[in-house]
Amino acid sequence: MIETEPTLPRWMIAAAGAKAPATSGRRRRRSAVERTIQGMAHALRTSVFSEQIAARQGLLQRTDPRAKSAGLLALLMAAAIIRTPLLLLTLYALTLAAAASSRVSLRFFIKRVWLFIPVFAGVIVLPSIFNVVKAGDPLFTIWSFGHEVRLGPWSLGTSLAITRQGLAGAAILILRVAVSVSLAVLLTLTTRWSDLLKALRIFYVPRVFVLILSMAYRYIFLLLSLASDMFTARRSRMVGPGSPRDDRHFAASSMGTLLGKSSTLSDEIYAAMVSRGFNGEPMTMRPFRMRTQDLLLLVAALLLAIAAVGGDRLLG
Amino acid sequence: MAERGPHPVFELEAVRYSYMDATGLDGIGFRVDAGEKLALLGANGSGKSTLLKLLDGLIFPSGGQIRAFGSRLDETALQDEGFARGFRRRVGFVFQNSDAQLFSPNVWEEIAFGPLHLGLPQDEVEERVKDTLHILGLEHLRDRPPYHLSGGEKKKVALAAVLAINPDVLLFDEPTAGLDPKTEEFLIQMMAELNRAGKTIITATQDLGIVTHIASRAIVLGEDHRLAGEGPAAEVLADRELLLSANLVHYHTHRHDGLEHSHPHSHVEKHDHRHRG
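Line by line, the protein sequences give chains A and B. One point on numbering: in the working numbering, the residue at position 37 of the first sequence is 37, and numbering is uninterrupted. One point on numbering: in the working numbering, the residue at position 274 of the second sequence is 274, and numbering is uninterrupted.
Simulated from the structure, these hints should not be mistaken for lab results. Beta carbons: idealized from backbone N, C-alpha and C, even for Gly. Incorrect hints may appear among the rest.
[To be verified] Computed spacing ranges between beta-carbons, pair by pair:
#1 A/PRO244 to B/SER18: 37 to 47 angstroms
#2 A/ALA252 to B/SER18: 28 to 38 angstroms
#3 A/PHE203 to B/GLY178: 20 to 30 angstroms
#4 A/ALA252 to B/GLU81: 38 to 48 angstroms
#5 B/HIS148 to A/THR257: 38 to 48 angstroms
Looking at chain B on its own, in the form it has when it is part of the complex:
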């Protein structure tokens, strides 16, 4: 295991989350250090989005505990305005559904929403909105209502709205889902650059093709909502049995050289395999 830095961003201990009678997460424990690039991998319904919401203090564990920046993260802590403001300034969340995230009458106000509600002075809010529009190439959209934009533009505005807060930790939920290749590439580059600037990047995804670009460490959630594995991203991706058990790859049956056979298969990249006999 890699050596741990002195500044944990999140520490999770035996975290359990259940909703009505259904278990969302069970016995989850891990630690995220400042400046890390972490991927949360798991099949549909494994609890990735739930885990992100727990990390953002939007929902709270039914059991176990989460510590953020050394303090306990729970409902009572977030009821304290000072703590809530400090936490929201340090952690930003880019939701999977951009439509739910964009609720202001125009792009400019959408991006200003975060900094404004976190109590930044007006001139600083203006400067941040202007700069964020510029780095994401959204200046021409500043007066447009967000719901009139394309899927890719919406995702960029959603990212801009979070970046304007300038959080230390960025949570992404399936960031590349439904994006065209160009926007996907842009987003991945942006995430890498943000990490180089010292931001902690935590991404929930089942798109194994992007994992090595956006993460150096990966955590795998099993279909039983428990931690199925953890390790350096490249090693996790190479562990076919782990990915198979988490339903992230599937057996693939095909025929060549007159031989029909099956082997675990994912769409990460080209793969070579040999046959005996």
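Excised from the complex, chain A in its bound form:
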């Protein structure tokens, strides 16, 4: 068996033939899809994975994760029940105060919370502010039809207007979502991931859920890096910007590849964890210690939650 040296095809022996690299005056910009993926990878790398905020010395960082989780959970439940805007606003103000005393930049905190709200809550409540969806006293009339418009058996009325009741309902829902998201963000920002998982186990969250969460955390970053690398590799073989349509097509077609790669990778990460003694039970170096101040904070949060619900009943 004698292998011959590989023979290069004729075109490969020839020089590249292209002109030396020179500027053409045309600039290429990175596409929106590529920027989004790289932005997400960067954000995760810098904010979530480095746990910078959780490592700071602030009020919530010092609090025992169990007391913190229980207290914030009680407030979360209160926020889901109460309907009085003033009380919701007070709760929101309290989350801001808690963020500030935990050395979380208020600008960063507010941005992080309000960025999600239009996407998750805004879209849901938007239709309900119009009179065609839910009847009410018109506040602003957007379009006057001049006659009654009917859609099959439904009457849409004579005009399209935003109603007072619809707007008030939407405001309460958005405020409630803002308070809930703020509480959740506060918990995750000020607690190390491993502590959070350990606290979940103490609340009898089944081991399999904790395991899934911890695996998702461990490989989401690698997944994003893979996606980002795929875009970079593609860019190195492209001239010009490529149309947004091509980019979307590439993103869609690379998802399958990515899924395959991520599945192999998650298997390997899990194997590496098991090899070093992981059995589904998260462990941390910081033993949980419930001190008086942790208990006080927990009692304060519980009382606040009860007071908020009670106050809502009185005012409502």
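With the hints as your guide, set chain B onto chain A.
Here is chain B on its own, set in the frame of chain A:
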């Protein structure tokens, strides 16, 4: 064959591993003694990594059996927490892909992960992490997230994470792949020192240039996923026909003195050859 020591670390009997319809390993049998330096040689896809994973109890044979430290190593045995803990404390695995092995938010926690999950007391974990950082010269990286490190640094952190467990047996999968010469040299020295300290070192590699430094015995896996040969490392490396059959060396055609000819060729070291006529 060298005389066998009284303490087998691993004993493999007719081990077969298949995944879906593909055969990963077939009819593998050998024994590893405590304190040995063993190289697993084989071309890409011959089953070296699979074999290491079997030895680490991460996957299990489809046929045959593996014994570790005298006890049968299978899924049932590892479901027993006591056995699993004892086994994981004694066997450490340095993966080829450091990215998959490094999953903690910073280097310190990465190294602490093993000892912590194997139930060591907190103060001992701290001491081990500190010492491991020191011997590998990683102190300046202790608070850095692992994914921000260079390839060589990642490999050192991956090694540190395993060394902190202080296992008796260390499994290395292609340890020198993608490393710069300085880090490669450091790693080889480290492996030699660990062996001198009594650790069993099992390395899967296709880098024949490092074999004599990291192993005294070598096992060759053929492309048919079977055992192609076994023996002292120097003898295995000298057996060109064996290496050729396992696709670890290749025929090299070249011309000199007006004569074109082929002969088996590897990149182990400089080679001399003569021509007749």
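Hints breached by this structure
3, 5
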